[in-house]
Amino acid sequence: MSAVDTAPSRRPRWMTAAGIRALFRERPIVPLLGMLTILVILSEVIRPGIVSPNWAGVMIRGAVPLAILAGCQTMTMLTAGIDLSVGAVASMSGFLVATLVADTGLPAAILIALAVSAVVGFVNGIGAGVFKVHPLIMTLGMSLVVLGLANVWQLIRVQTGSGVPPEFRQVGANMIGGFIPVNLLVFIPLALLIMFVLNRTGFGRLLYAIGDNEVASRLSGAKSWQVLTVLYIISAMLAGVAGFLYSGLTNVASVTLADSALLPSVAAAVIGGTSILGGRGNYSGTMVGALILTVIASILSSLGYPEAVRQILFGSMIVFVAAAYTRITTD
Amino acid sequence: MTAAADTASGRPRSSTRRSFGTVLRRNSWTIGLLGILVLLLVVTRIIQPTYGPAGVQGLAISVLPLAFAAVAQTCAVLARGIDLSIGSMMALTSVVSASLMEDRSEGFAILVVLGVLVLGLLIGAVNGALVAFTRVPDIVVTLAMLFVWAGAALLVLNTPGGGSADWLGGVTRGPLLTQWLPKAAVLLVVVIAVVWVPIRRSRLGLALYAVGSDPLAAFRSGVSVTWTKIFSYMLAGLFSALAGLSLTATTGIGTPVPGPYTLMSVAAVVLGGVSLAGGRGGVFGPVIAVVILSLIRTDMTFLNIDTNLATVAQGLILVGVVMVGSLIQLRRDR
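Residue numbers (my numbering), protein chains in the order written: chain A, 1 to 331; chain B, 332 to 665.
These are calculated hints, taken from the structure and not from any lab test. Among the hints, erroneous ones may be present.
With the C-beta cut set under 10 Å, the calculated list includes, among others, these residues of chain A facing chain B [claimed, not checked]:
hint, residue
1, Val186
2, Leu190
3, Leu193
4, Met195
5, Leu277
6, Phe314
In this text, a Cβ means the ideal position worked out from N, Cα and C, and glycines have one as well.
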């Protein structure tokens with residue numbers, strides 16, 4: 001703020017260093033969209049003609065399930081937590097539906113999968129909220145439990161076989177008119193709901209409050225254990241939905257399907273401006289973060305580099321973006 | 332609350348001699364773990380009367396890489412960090428050593444081992460420098476470096492391969508002196524005694540704990556937080572390299588795909604009584620925790636229980652022990 005007073009020139013506020021800082025801190029969506037644009041231009045430069053409505057559709061379709069998982073991370077990170085069980089829960093829910101659908105029909109299978117996810121989330125929330133176990137440990141332990149039980153279930157159901165329901169494939173993989181992914185029909189209401197909850201409801205305010213200063217929020221009368229329990233249930237159910245979309249997108253039912261998306265989901269939330277220390281972040285940034293990661297992955301694969309180089313560049317970019325972001329936003 | 336508990340137990344001592352009671356109280360968690368381990372060994376013997384020296388040796392060999400990984404994680408966590416790239420660093424050091432040692436002389440392998448240890452220190456230093464200088468949270472930096480080191484491992488070896496010197500395998504396999512003392516366990520204890528114990532007793536070790544329990548207080552007492560952080564990650568890199576080397580030694584090849592070591596090391600650290608908030612605990616607790624987790628898996632195989640349920644049990648034990656631990660802490664605070 002002081003920079004504005006001392007600045008001798010009459011440049012607009014956003015052109016000063018402090019102004020840019022404030023812009024990054026308060027509206028991270030603006031620089032993130034700028035970065036996304038640069039990445040899209042880069043894709044076009046590397047492979048002229050690649051950027052098309054169909055390409056955009058493929059990018060968005062790939063980013064949607066990641067953005068849902070990153071939403072779990074955003075919300076839990078707001079309370080200074082993290083949910084490392086989303087990969088296991090997403091894989092489990094997709095697998096559960098694929099193995100149950102032949103017996104129970106699709107709606108019942110979906111309900112069962114979501115109910116199991118909610119139970120996992122409930123246990124996470126009780127552990128983190130009531131017993132004050134570090135969320136990292138709590139959700140890590142639960143991911144082991146979920147993975148083990150999913151494997152047991154796989155052995156039980158090995159004779160009946162499994163298949164991803166065609167409805168999931170239509171929603172997860174099809175595109176309307178060749179460029180509008182159908183999974184947006186699931187994602188847009190979810191995203192609007194998440195943003196509404198975070199920005200407009202008391203529950204959302206409580207998430208920020210607990211992450212910002214747990215003692216202060218407790219002294220102001222917030223029951224943090226109730227908030228955390230509800231939060232982790234929501235997080236696990238969102239992960240369950242993401243699992244449906246993943247199994248539809250890949251047409252695979254496996255107990256480890258979404259495991260590889262766990263760490264990118266954390267990265268997407270961090271790139272999107274959510275602080276892992278709690279109290280700061282927004283879902284709009286996270287969505288763009290998920291898109292950025294998807295476009296980066298596509299650029300790296302279109303360059304024809306081997307998997308090894310892709311991983312190295314991917315990791316380096318996450319460090320670079322996070323470091324640049326921290327450098328700009330902290331004075 | 333941890334800081335308060337620390338100052339309460341760490342009251343000034345006039346002499347360096349500690350009473351037996353203090354030693355007992357300070358290491359109560361580790362001693363408890365040892366008790367559980369002995370109990371488990373007895374249970375194992377009851378379940379499987381043939382479980383003998385061969386079983387103990389197999390246990391020690393299979394535990395060795397994860398035990399080193401747990402020590403590595405302890406080094407990072409003690410200084411209030413966390414290293415999610417341990418599994419990848421293990422993969423990298425394992426493939427580097429395996430590809431360099433393939434079809435080379437036994438003497439050359441000594442150089443390779445030394446070189447790989449230096450490599451571990453270097454990649455750990457990269458992690459530490461990034462954490463210290465970018466001020467990005469540890470978990471984010473090491474999460475990103477997980478991809479970098481895993482990619483580097485794939486560059487070195489695309490598929491599992493390479494070889495190991497015979498003496499390296501010989502150091503870990505078989506018993507020493509008596510049948511009941513596996514070489515792998517001796518190796519583990521010797522390495523910890525040579526590398527960790529001197530550090531723990533030096534200024535650096537004190538700085539590690541100081542930064543872990545309160546970075547600001549450490550800074551004001553003249554400890555360089557930046558360099559201590561980097562040092563703690565270098566140690567994590569060094570022990571990850573030892574873990575990678577023991578992977579190569581026990582399997583005879585290098586595998587470029589990281590195993591489940593990173594998350595298991597976090598679990599072992601917590602079970603071993605090291606506080607994730609930093610500054611509390613030691614390396615022996617996590618090592619014993621690793622052995623216990625592995626022994627539970629063995630016992631469940633003896634009982635003909637599905638190994639997947641063993642994974643469930645490990646998760647439940649992790650969550651349950653931590654819950655009980657924090658419940659005791661909550662009670663004490665009240």
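Hints versus structure:
1. With a cut of 10 Å, the hint placing Val186/A at the interface with chain B is violated, because the nearest CB-to-CB distance is about 28 Å.
2. A cut of 10 Å between beta carbons decides the hint on Leu190/A: the least distance to chain B is about 25 Å, and the hint is violated.
3. For Leu193/A, the shortest C-beta to C-beta distance to chain B is roughly 27 Å, which exceeds 10 Å, and the interface hint is violated.
4. Annotation: Met195/A was flagged as interfacial toward chain B, and the flag is violated, the nearest CB pair being 23 Å apart, outside 10 Å.
5. Interface hint status for Leu277/A: upheld, as the beta-carbon distance to the closest one in chain B is roughly 6 Å, under 10 Å.
6. The restraint placing Phe314/A at the interface with chain B holds, with a minimum CB-CB distance near 5 Å, inside the 10 Å limit.
The structure fails to meet hints 1, 2, 3, 4 from the earlier list, while all remaining hints are met.
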